[in-house]
Amino acid sequence: LAKTTQPISMDSYEGQEVNITCSHNNIATNDYITWYQQFPSQGPRFIIQGYKTKVTNEVASLFIPADRKSSTLSLPRVSLSDTAVYYCLVGDRTGTASKLTFGTGTRLQVTL
Amino acid sequence: EAGVVQSPRYKIIEKKQPVAFWCNPISGHNTLYWYRQNLGQGPELLIRYENEEAVDDSQLPKDRFSAERLKGVDSTLKIQPAELGDSAVYLCASSPFGAGNNEQFFGPGTRLTVL
Chain A
58 LAKTTQPISM
68 DSYEGQEVNI
78 TCSHNNIATN
88 DYITWYQQFP
98 SQGPRFIIQG
108 YKTKVTNEVA
118 SLFIPADRKS
128 STLSLPRVSL
138 SDTAVYYCLV
148 GDRTGTASKL
158 TFGTGTRLQV
168 TL
Chain B
12 EAGVVQSPRY
22 KIIEKKQPVA
32 FWCNPISGHN
42 TLYWYRQNLG
52 QGPELLIRYE
62 NEEAVDDSQL
72 PKDRFSAERL
82 KGVDSTLKIQ
92 PAELGDSAVY
102 LCASSPFGAG
112 NNEQFFGPGT
122 RLTVL
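So the sequence lines, in the order shown, correspond to chains A and B.
Just so you know, we're using our numbering here: the first sequence kicks off at 58 and counts up by one.
Just so you know, we're using our numbering here: the second sequence kicks off at 12 and counts up by one.
Just so you know, the hints here were simulated from the structure itself, not pulled from any lab data.
Check before you lean on any hint, since a few could be wrong.
What the hints assert, rightly or not - Taking CB as the label site, the calculated pair distances span:
no., chain 1, residue 1, chain 2, residue 2, range
1, B, R20, A, F120, 35 to 41 Å
2, A, V116, B, K27, 41 to 47 Å
3, A, S138, B, P19, 24 to 30 Å
4, B, R20, A, S131, 29 to 35 Å
5, B, S18, A, Q73, 37 to 43 Å
6, A, G72, B, Q91, 31 to 37 Å
7, A, P122, B, V16, 35 to 41 Å
All figures in this text were calculated on a predicted structure; none of them were measured in a lab.
For each residue, glycine too, the CB sits at the ideal point set by N, CA and C.
Can you make the complete structure from the sequences, with help from the hints?
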């Protein structure tokens, strides 16, 4: 199982771009990288998923280098409402072998 | 579209009492997950269902925890008897794509406090 390592916490000012990096040195060939966001008293919410290079959607971008041993979630121009815990997950998309581990996540605090 | 529904939202019980949590996944989602989340930690997978079959229950403490998903729709997670260490948030999630690292839709969770 691919283990992930993320910073425990990050601070940012409103309007800045935030980049959260996740290390997954033993990622397997079939593994995808997925990021979730969790607010207090809510379940996690899917943000973005990718396999390689760059993926972008309306809320974030995901950068994955060629060796896929790390990935970076990029949040453009964060606002106070982006204060949350962000989890990086690595796992395959098929078969019963998949077992996703959320880890402790990165607690992002956005201030004025 | 309705999201994943869980009930109750909060539950307070004394140790050694039984407790049950209910989850109704998003309509059409055949994969259902139960997670436990301790304070300050990420969710920990307890069991995963594909339709009515439990395909991954290796993390479920089977001496006191049980789960069922009759008819492959809603699901119940039970603890009997509860212990102090079971205090946590129990999250249910569902996915339309089957097993694996696909987008999961989470419910709001049930916060259990064992006294």
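Going down the list of hints, with the structure as the test:
1. R20(B) <-> F120(A): 35 to 41 Å: holds, 37 Å
2. V116(A) <-> K27(B): 41 to 47 Å: holds, 45 Å
3. S138(A) <-> P19(B): 24 to 30 Å: holds, 28 Å
4. R20(B) <-> S131(A): 29 to 35 Å: For R20(B) and S131(A) the Cβ distance comes to about 34 Å; the hint holds.
5. S18(B) <-> Q73(A): 37 to 43 Å: At 40 Å between Cβs, range holds.
6. G72(A) <-> Q91(B): 31 to 37 Å: violated, 51 Å
7. P122(A) <-> V16(B): 35 to 41 Å: Since the Cβ atoms of P122(A) and V16(B) sit about 40 Å apart, the hinted range of 35 to 41 Å holds.
Of the numbered hints listed earlier, the single one contradicted by the structure is hint 6.
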